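Quick mapping for you: the protein sequence lines, in order, are chains A and B.
For the first sequence, position 348 matches number 348 in the numbering used here, and the numbering has no gaps at all.
For the second sequence, position 66 matches number 66 in the numbering used here, and the numbering has no gaps at all.
Pair ranges (Cβ atoms, derived):
id: 1; chain 1: B; residue 1: Lys151; chain 2: A; residue 2: Met586; range: 25 to 35 Å
id: 2; chain 1: A; residue 1: Pro252; chain 2: B; residue 2: Arg29; range: 30 to 40 Å
id: 3; chain 1: B; residue 1: Ile117; chain 2: A; residue 2: Gly313; range: 28 to 38 Å
id: 4; chain 1: A; residue 1: Cys171; chain 2: B; residue 2: Pro149; range: 15 to 25 Å
id: 5; chain 1: A; residue 1: Asn186; chain 2: B; residue 2: Gly55; range: 50 to 60 Å
id: 6; chain 1: A; residue 1: Gln552; chain 2: B; residue 2: Ile147; range: 34 to 44 Å
id: 7; chain 1: A; residue 1: Ile220; chain 2: B; residue 2: Lys151; range: 42 to 52 Å
Selected chain B positions facing chain A (Cβ under 10 Å, derived; list incomplete):
id: 8; residue: Val33
id: 9; residue: Gly45
id: 10; residue: Thr58
Honestly, the hints are just simulated from the structure, not real lab data.
It should be emphasised that the depicted structure is a prediction, and the values quoted were computed from it without experimental measurement.
The beta carbon of each residue, even a glycine, is placed where N, CA and C say it ideally should be.
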Amino acid sequence: MGNEAIGRGLVEEGCTLAAAYPGTPASEILSSVVAFAKETGAALHTEWSVNEKVACETALANSMAGRRSAVAMKQVGLNVAADPFTRAAYLGVKGGFILIAADDPGPHSSQTEQDSRLFAHFAKTPVFDPSSPREAREMVAEAFALSEKYEIPVVLRPTTRVCHARQNVSCRTPAPREQKACFEKNPGRWVATPQFLTELHRLLNGKLDRIAREETLAPILTPGGCARPRTCIVASGVAFAHASELLDTLGPEGRIDLYQVRLAYPLHQPFIEEIRKRYEKVLVLEETDAVIEMQLGPGGVNGRGSGDVPRQGELTPDVIEEILRKFLDLPAVQAVVAAKKGIRPSLCAGCGHRAAFYAIRDAFPAGIFPSDIGCYTLGMNFGAVDTCHCMGACIAQGAGFYHAYAAGGADFPTIVVTIGDSTFFHAGIPGLINAVFQGARFILVILDNATTAMTGHQPTPQLGVRADGSEGRKVFIPDLVRACGVRHLREIDPYDVEAFTAALKEADSFIRAPEGDIAVLIAGHPCILNRMARQAQAVFAMSITDDCVGCQACIDAFECPAILFDGEQNRAQIDQNRCIGCGVCMHVCPTGAIRAEGGKP
Amino acid sequence: MRQQIIVSGIGGQGGLFVTRILAEAAIERGMEVLTSETHGMAMRGGTVISHVKVGSFTSPLIRTGQADIGLILHAGNLEVHRGFLKPGGVIYMNAAMSGNAEAIDATRIAREHGSLIIANLVLLGFAVGQGRIFCDAATVEAVLKRISPAKQLALNLEGFHLG
Numbered sequence: 001m002g003n004e005a006i007g008r009g010l011v012e013e014g015c016t017l018a019a020a021y022p023g024t025p026a027s028e029i030l031s032s033v034v035a036f037a038k039e040t041g042a043a044l045h046t047e048w049s050v051n052e053k054v055a056c057e058t059a060l061a062n063s064m065a066g067r068r069s070a071v072a073m074k075q076v077g078l079n080v081a082a083d084p085f086t087r088a089a090y091l092g093v094k095g096g097f098i099l100i101a102a103d104d105p106g107p108h109s110s111q112t113e114q115d116s117r118l119f120a121h122f123a124k125t126p127v128f129d130p131s132s133p134r135e136a137r138e139m140v141a142e143a144f145a146l147s148e149k150y151e152i153p154v155v156l157r158p159t160t161r162v163c164h165a166r167q168n169v170s171c172r173t174p175a176p177r178e179q180k181a182c183f184e185k186n187p188g189r190w191v192a193t194p195q196f197l198t199e200l201h202r203l204l205n206g207k208l209d210r211i212a213r214e215e216t217l218a219p220i221l222t223p224g225g226c227a228r229p230r231t232c233i234v235a236s237g238v239a240f241a242h243a244s245e246l247l248d249t250l251g252p253e254g255r256i257d258l259y260q261v262r263l264a265y266p267l268h269q270p271f272i273e274e275i276r277k278r279y280e281k282v283l284v285l286e287e288t289d290a291v292i293e294m295q296l297g298p299g300g301v302n303g304r305g306s307g308d309v310p311r312q313g314e315l316t317p318d319v320i321e322e323i324l325r326k327f328l329d330l331p332a333v334q335a336v337v338a339a340k341k342g343i344r345p346s347l348c349a350g351c352g353h354r355a356a357f358y359a360i361r362d363a364f365p366a367g368i369f370p371s372d373i374g375c376y377t378l379g380m381n382f383g384a385v386d387t388c389h390c391m392g393a394c395i396a397q398g399a400g401f402y403h404a405y406a407a408g409g410a411d412f413p414t415i416v417v418t419i420g421d422s423t424f425f426h427a428g429i430p431g432l433i434n435a436v437f438q439g440a441r442f443i444l445v446i447l448d449n450a451t452t453a454m455t456g457h458q459p460t461p462q463l464g465v466r467a468d469g470s471e472g473r474k475v476f477i478p479d480l481v482r483a484c485g486v487r488h489l490r491e492i493d494p495y496d497v498e499a500f501t502a503a504l505k506e507a508d509s510f511i512r513a514p515e516g517d518i519a520v521l522i523a524g525h526p527c528i529l530n531r532m533a534r535q536a537q538a539v540f541a542m543s544i545t546d547d548c549v550g551c552q553a554c555i556d557a558f559e560c561p562a563i564l565f566d567g568e569q570n571r572a573q574i575d576q577n578r579c580i581g582c583g584v585c586m587h588v589c590p591t592g593a594i595r596a597e598g599g600k601p
Numbered sequence: 001m002r003q004q005i006i007v008s009g010i011g012g013q014g015g016l017f018v019t020r021i022l023a024e025a026a027i028e029r030g031m032e033v034l035t036s037e038t039h040g041m042a043m044r045g046g047t048v049i050s051h052v053k054v055g056s057f058t059s060p061l062i063r064t065g066q067a068d069i070g071l072i073l074h075a076g077n078l079e080v081h082r083g084f085l086k087p088g089g090v091i092y093m094n095a096a097m098s099g100n101a102e103a104i105d106a107t108r109i110a111r112e113h114g115s116l117i118i119a120n121l122v123l124l125g126f127a128v129g130q131g132r133i134f135c136d137a138a139t140v141e142a143v144l145k146r147i148s149p150a151k152q153l154a155l156n157l158e159g160f161h162l163g
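Okay, chain B solo, but in the shape it has when bound (with noise of 0.2 Å):
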């Protein structure tokens, strides 16, 4: 099984949270795994992207037209970050609007339930659960469970099932 992922958002919206997620999901799955983030002056309310591959690579970084998967946190993101994608690869976005997209309004959900800062688990669930990417929710939970803070597991895991 070999799959590459991009997540891309704005920086602060917890694309590296999800990156890490997805790290670890593979681990715990015992694939060998590699990724890729933007940290530093990247990083403040500017566009991020972060690479996951998934199975035998070599190299951290995806090239043009090669994901299986993107994780658009941002939807103005989805323009500048779209040639990372294979022909056929799928979107999983984070709009109010579909389009040609599969979106959830990972936003609206985190807000109505009180913490805007787990749109991003929310993004992740909904996509999760869409059945595409190579870990099932019951590996996502075991690693929320294994790295999110204790005062932060409940909401999290909450954010990850509200998607």
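Okay, chain A solo, but in the shape it has when bound (with noise of 0.2 Å):
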């Protein structure tokens, strides 16, 4: 796999140390690390950070300490760790230092279609456009030449189509490199005040220039022969290895000048002379914005300016092939559209999110729910999770939300927030704390799962296994939330739906009590994918009575996969494929319809 290629390539590099933060699609990248790392008995510290912002300057300061450094992370993720990374390339780094930020047009799993190519140019930082597995792995020991040639940062930007492509890649032993952790005090550059910045800069700025003439990263040309002299195609990532099988099988009228570009920042510049001065037709494939483009300059291109390329999406190898066409006069092949639509994703059956999110919505009717980033997102089926942000930003917008109906003494609806045990670790805290202090009203449900279940399941640091399985001191989340400030706090297994109701209705009365602010409620339960867990819990016989009426009331409001709806018959049916007897669901039918037996762990 992709990321498996990465992870290796960074074990083989000699990288000392990997930090990341779980994200599809990057999450095997660090996983990778550590099993190569096992396997081959290479001496490197890895490390699931709470964020990426604590990964990168983890990684960063192991740099400047000289020795090689990675972080890996999905593309949002260097959102969050904008503010050590725009720095660094001022700064500058000794040890090798690859920023790893996986991209996802389509997007298939995240929350943007971001170009971290066009980040990277923001930043001033080289960036490699690997694309397939194989590469990315050879750009691995490039970025880590380049980053020390320059004592530059370096990023690797791969895409899911690389990250979860899998291919031949052969393995090499690890070289090995004698790297000694070796801090040189220089405040002028690891302080630098204002004062050095624009030197920096200019600093900066010479090492773009030089980069941007280095002979080994000038694009590879794929020549096409006479046919079309003054005709070419210039793609980067993906959309080349798409665009390369493409003209393969159009035979004769396939045969076009094609260049690869590796580093898609700096663009290399007698590259960019030589292509104004060759062509009269250059047609530009990149994901996901115009970052090349931009670089050949305004005009005279086919890409994304000129409407050619859609400016969203991905551009799978169907949509390369339009275009493809369009651009060489071909004729069109007919579009296919699928005769039917996929099943949306959905909570697991047994998974305690949804006996938390049915309690929520059945108590507060007419509340609001923000929510985060996770699982737990999939609330928004059943109407428990109204909206969804970015890392953390679900307790900031309660509180924001009881701001605008408080504000003036008005009566406001019963927020519930509902962020995952994870995501509160990685930005979720210094929400809470603000919104004590300003005293917002509204009630916190910790989705408190003992995982990172989406991506993976990357321990959390409550679990106290850190990435390479050894222990490390637990951080309790039950402790972090009253060092915030909170106190009202309750802890219950969201399974006992009565027990869980009560809680929140409890917690409604102290946030609209004279002196109530917000209410925390732990929702435990671990991860039904957890086999332990799952072995450990009670599991009831299921079945639906004949008081079923039809109603469906079970399905909207609950939506648990292992519950259907045979129309013909009209009454729900439970498959006993997929039932993992919870019985939580008996709670849910209005005529009480659905039977739990036994109950044997």
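Two chains, each in its own frame: build the complex with the hints.
Below, the structure written as structure tokens:
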């Protein structure tokens, strides 16, 4: 897998510290580093940091001490790490430093389609754009070398189709490399108050000018022959891989000069001049924004600016085929539209989040429900999630909604904020401190499933297990909540729907009392994908009796994948293949037709 | 030899494992392989698809109307992903009724065997048994022996053989 190839590359190239926060499509990079380090006996520090900013800062310091370092995240993680990242370009690095930001055109599993290459351009940092897992692995070596040669941070920007592609990649043995920690004090650089920055900026600009003339980083030409000598395609990333294969399938019509840009910024200066001189018709294919196109200069290029390439969405082979045919004046192919849409994702059968969401919506039908990023965003399917913005935003949104309604002493709806345990660690804490201090009134439900479930079960600090499996000192969420100034805190398993509902009502009374403020409920139930936890819980035999009137309340308000509706018989059915026997749904049926028997662990 | 295969299912059915087996089987036979998978938000019970391209390809994705073979783990996906198949492409589907695809009731077979999670391997075993996929049963068995967790190996092989 692309992420494994990158992880392998980091270990082989002598990375000594790798830090990351999980996020699709980047999550498997760090776990691969851990696995390959174990396999090869390479000594390096690996960590799941609490967020991307912390990961970036930790890795930067390791680089300042002269050691190769890497930090991995999804594209929106770079927003979180933006502060340390943008300054790092000015100050530079010592040991090779790679920031891996995995983009998600489409998007398949993200809140934006942002182009990290554009972010790298903004931060004045060179950025590699791999087209395959194999190339991503090679670029790790090139990025470390470039980073050390110019003492500059370097970005590696794979996309989902590289991260989650599999390909044969040969392995090498890590080369031994002397990398003793040696931090050389230099306040003018590492402290860099404003008086030093103009000079540092000048140095940075000089580095970029020289990198733009590095011969080894020039785009690679696959010549097309003489049929269309004044026409070419410039492509990067997986769009290059798609285009290359498509041109092959077009036969003689596809014989056209094709350039692959590997370093998307700074674009090779002699290449820019050559393109202007040699070609009349140039098509640029890149994801997701016009980074190469912009550097080629205004006008004269077919791409996003000219409307030839869609300005949003993934450049799939089908999309690229359409663009290519139009560009080469070939007949268009008939677009095929899928006969049916797929099934939307949903919380797993037996998920503790579903029980909590059901109780929240049932207790406060007129409530406002800000939520956050993780599996639990799927609570939107049954009306228990009204907002989802960015990591940790829901707590400040809860406060914002309170202030909006309660301004001038007006009545306010019950606001129930839901956030996962990992997201709370990531960015929830500052929001909670602020909300308490500013006198907001809402209920915060921390959905604690003891893992980062959506991205593949990375441990949180509360679990006490580090990335490499070693034991770390546990940091407990209830302690953090109290330390934020919260006075009303309850911990309940949401499977007990009645107790959880009672706790919600009690919390509502608290936030509305004269001396009340924020009430926090920790809804603790382990993720049922954790086999050990699941084996420890009671299993009920679920069935639906003849009392079912076919009202579909269970389908609409609960949406368990194990409850199906049989339209012919006008009644609900339990899909015994998917039911895990959690027993929660028996609370949901208004006619009491869902029956639970047994309950043996 | 060039072959393009789609593996279509819903999150949690083990489509990713089947994809990985096919990729490893290609490597086992010394062939070039490229695959593409769906992870993350797309997985929780939603429709997912993987692409497997064996032979000399550069793009990890299969274009509309280009797949030689479709492995459909969830019958409801047939109409969603059928467009990937080329005219004359073959579909092997996990379904109780056959209709216009070669079908095996992998879910029932797996359940009767006591473990639903091997339905993916039952379908793979069935498909490989038809002889149109690039690899033979012995290659898949070798891959299963190499990549299955020790506890799971016997069950995985049983599932594959049931198909």
